[in-house]
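This is what each chain is made of:
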Amino acid sequence: MKREYHIPTSSFTEEIAALSGGEVIEKCIQCGICTASCEVARVSERYHPRRLIQKILIGKRKEVLESDLPWLCMTCRLCEERCQEGVSPADIFQLVRALAAKEGFVPKVFANAVDLVLRDGWLLAASYSDFIEDEREGMGLDVDLHWDDTFVQRLKAMFLGGA
Amino acid sequence: MRMKEILLYRGCTTPVRLSEYESSTKIVLKELGVDAIDLVNANCCGAQFVESLYPRAHAALGGRILALAEQEEKDILAICGACSGSLKHIKHLLDSDESIRKEVNGLLAHEGLKYTGKVEVKHLLQIFNEDIGYRALEKAIVRPYQEVRMAAHYGCHVTRPFEIVKVDDPENPTIIDRIIQLTGATAVQYTSKTQCCGGPLLAMDEELATKIGAGKINNVIRAGAHGIVTACAFCQIQLTQTQLGSESTVINRIPIITLPQFLGYAMGLDYNDLGLYLNPISARHTVFRTAGEVA
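So the protein sequences, as listed, match chains A and B.
Per the numbering used here, the very first residue in the first sequence carries number 1; after that it's consecutive.
Per the numbering used here, the very first residue in the second sequence carries number 1; after that it's consecutive.
Since the hints were derived computationally from the structure, they do not count as laboratory data.
Ideal Cβ placement from N, Cα and C applies to all residues, glycine included.
A few of these clues could be false.
[Unchecked claim] Facing chain A, a subset of chain B residues (Cβ under 10 angstroms, in silico):
id : residue
1  : Pro15
2  : Ala136
3  : Pro200
[To be verified] In silico DSS-like links for lysine-lysine, alpha-carbon gap of 25 angstroms or less:
id : chain 1 : residue 1 : chain 2 : residue 2
4  : A       : Lys156    : B       : Lys74
5  : A       : Lys2      : A       : Lys27
6  : B       : Lys118    : B       : Lys102
7  : B       : Lys4      : A       : Lys156
8  : A       : Lys102    : B       : Lys102
[What the hints assert, rightly or not] What follows is a list of derived Cβ distance ranges for each label pair:
id : chain 1 : residue 1 : chain 2 : residue 2 : range
9  : B       : Met3      : A       : Asp68     : 47 to 53 angstroms
10 : A       : Arg42     : B       : Glu5      : 42 to 48 angstroms
11 : B       : Pro280    : A       : Val143    : 19 to 25 angstroms
12 : B       : Leu244    : A       : Gly140    : 27 to 33 angstroms
13 : A       : Glu85     : B       : Glu206    : 44 to 50 angstroms
14 : A       : Glu133    : B       : Arg2      : 32 to 38 angstroms
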């Protein structure tokens, strides 16, 4: 017997469903176990994963891509663990983030962190002080962290259009 | 006995903000027959940030780390949940998607590296559970805790999604609890045990992240624990700093201790060698108050 789902028809849903890993959005029955499981939703009036998925289902493309809500998911995957339909809000919101990034909507903290990683090869080069070096030396740990900063230049050229 | 060798992928956060976790991991594992060797010339795994903006670049970052380990013919040990989760996701992706594997290998070919899927990524909890085992851990305890009650915090990216990370039961994890018990302490159960520390939200909204962390801390305090044992650099830092700010809503302060520090002390290792003096919320007179003689 062929399983039947509630399949919304918004073009935004179809756009997400066409991406690898995004097809699960069509299985969402809006039961709300994601919001009930969500630590962010517990402390925030704004971010409720069920509501955000619903906005995608009904086709609020511009509103969702320009919003910071998809960036508030902690990807803790507790909701995914509990969803009996196999929907992963974390995966869906990651796809939404990448889509938003393509269209130029990226929260500053994310843009800054990516800039650092793709410049230095790692995130915390600027925070690595002499004080920490001394502390590490005292513990018998390597002071030179041996990060590679050349591979990221190649990634920039390939994925960001120029080093 | 021949030492088992594994490559330690330190990640970005641990060596800068939590050297005592790195150091105690190495000391404790060496005592238990595992030599954790630094993986050098690595790059950031790209978790959360690169992952969100450029998924294919994220795959390349992780793929390069895995390929470096292949070159050394050793498995990878990650002690941060974000790193272990990210590397396991990328391994899963590269093993199942030929086109992305080809793209990554094209990028790696410049430096003579290749990803073929030969090495495993293990989180620290797996080393204890799978490589060392509880019998050996039990034998190593020479200074058991007395009347110490500890709460285990596992870390979301360490245990979920199970199909990819394969560490412990995601709804009822037990590895840290078992280790707490065999050190002579009591593993305390508390509400919200498998819930997030709030760490991944720090960059976007520190206020919300702190509320989430404080909620967890208060649940642990209400359950009557003396401290929390962690197995992720991010969780360790977040659960500590969520208690320190002037805006913090915790009902009391409670020490946060990494698993190798907690275990190492029961194994008779020195308080200072384990870097316990660096933990901002001291456990000197609570958890380690029974600093008894080494048997």
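Checked hints:
1. Pro15: Where the cut-off is 10 angstroms and the nearest Cβ of chain A is about 5 angstroms from Pro15 of chain B, the hint holds.
2. Ala136: violated, 24 angstroms
3. Pro200: Holds, about 4 angstroms.
4. A:Lys156 with B:Lys74: At roughly 29 angstroms apart (the allowed maximum being 25 angstroms), Lys74 of chain B and Lys156 of chain A break the hint.
5. A:Lys2 with A:Lys27: Since the Cα atoms of Lys2 of chain A and Lys27 of chain A sit roughly 14 angstroms apart, the hinted pair holds (cutoff 25 angstroms).
6. B:Lys118 with B:Lys102: holds, 16 angstroms
7. B:Lys4 with A:Lys156: violated, 37 angstroms
8. A:Lys102 with B:Lys102: holds, 23 angstroms
9. B:Met3 with A:Asp68: 47 to 53 angstroms: holds, 48 angstroms
10. A:Arg42 with B:Glu5: 42 to 48 angstroms: Between Arg42 of chain A and Glu5 of chain B, where Cβ atoms are some 43 angstroms apart, the hint holds.
11. B:Pro280 with A:Val143: 19 to 25 angstroms: Cβ of Pro280 of chain B to Cβ of Val143 of chain A: about 23 angstroms, so the range 19 to 25 angstroms holds.
12. B:Leu244 with A:Gly140: 27 to 33 angstroms: The hint (27 to 33 angstroms, Cβ to Cβ) holds, given that Leu244 of chain B and Gly140 of chain A are roughly 28 angstroms apart.
13. A:Glu85 with B:Glu206: 44 to 50 angstroms: violated, 33 angstroms
14. A:Glu133 with B:Arg2: 32 to 38 angstroms: holds, 33 angstroms
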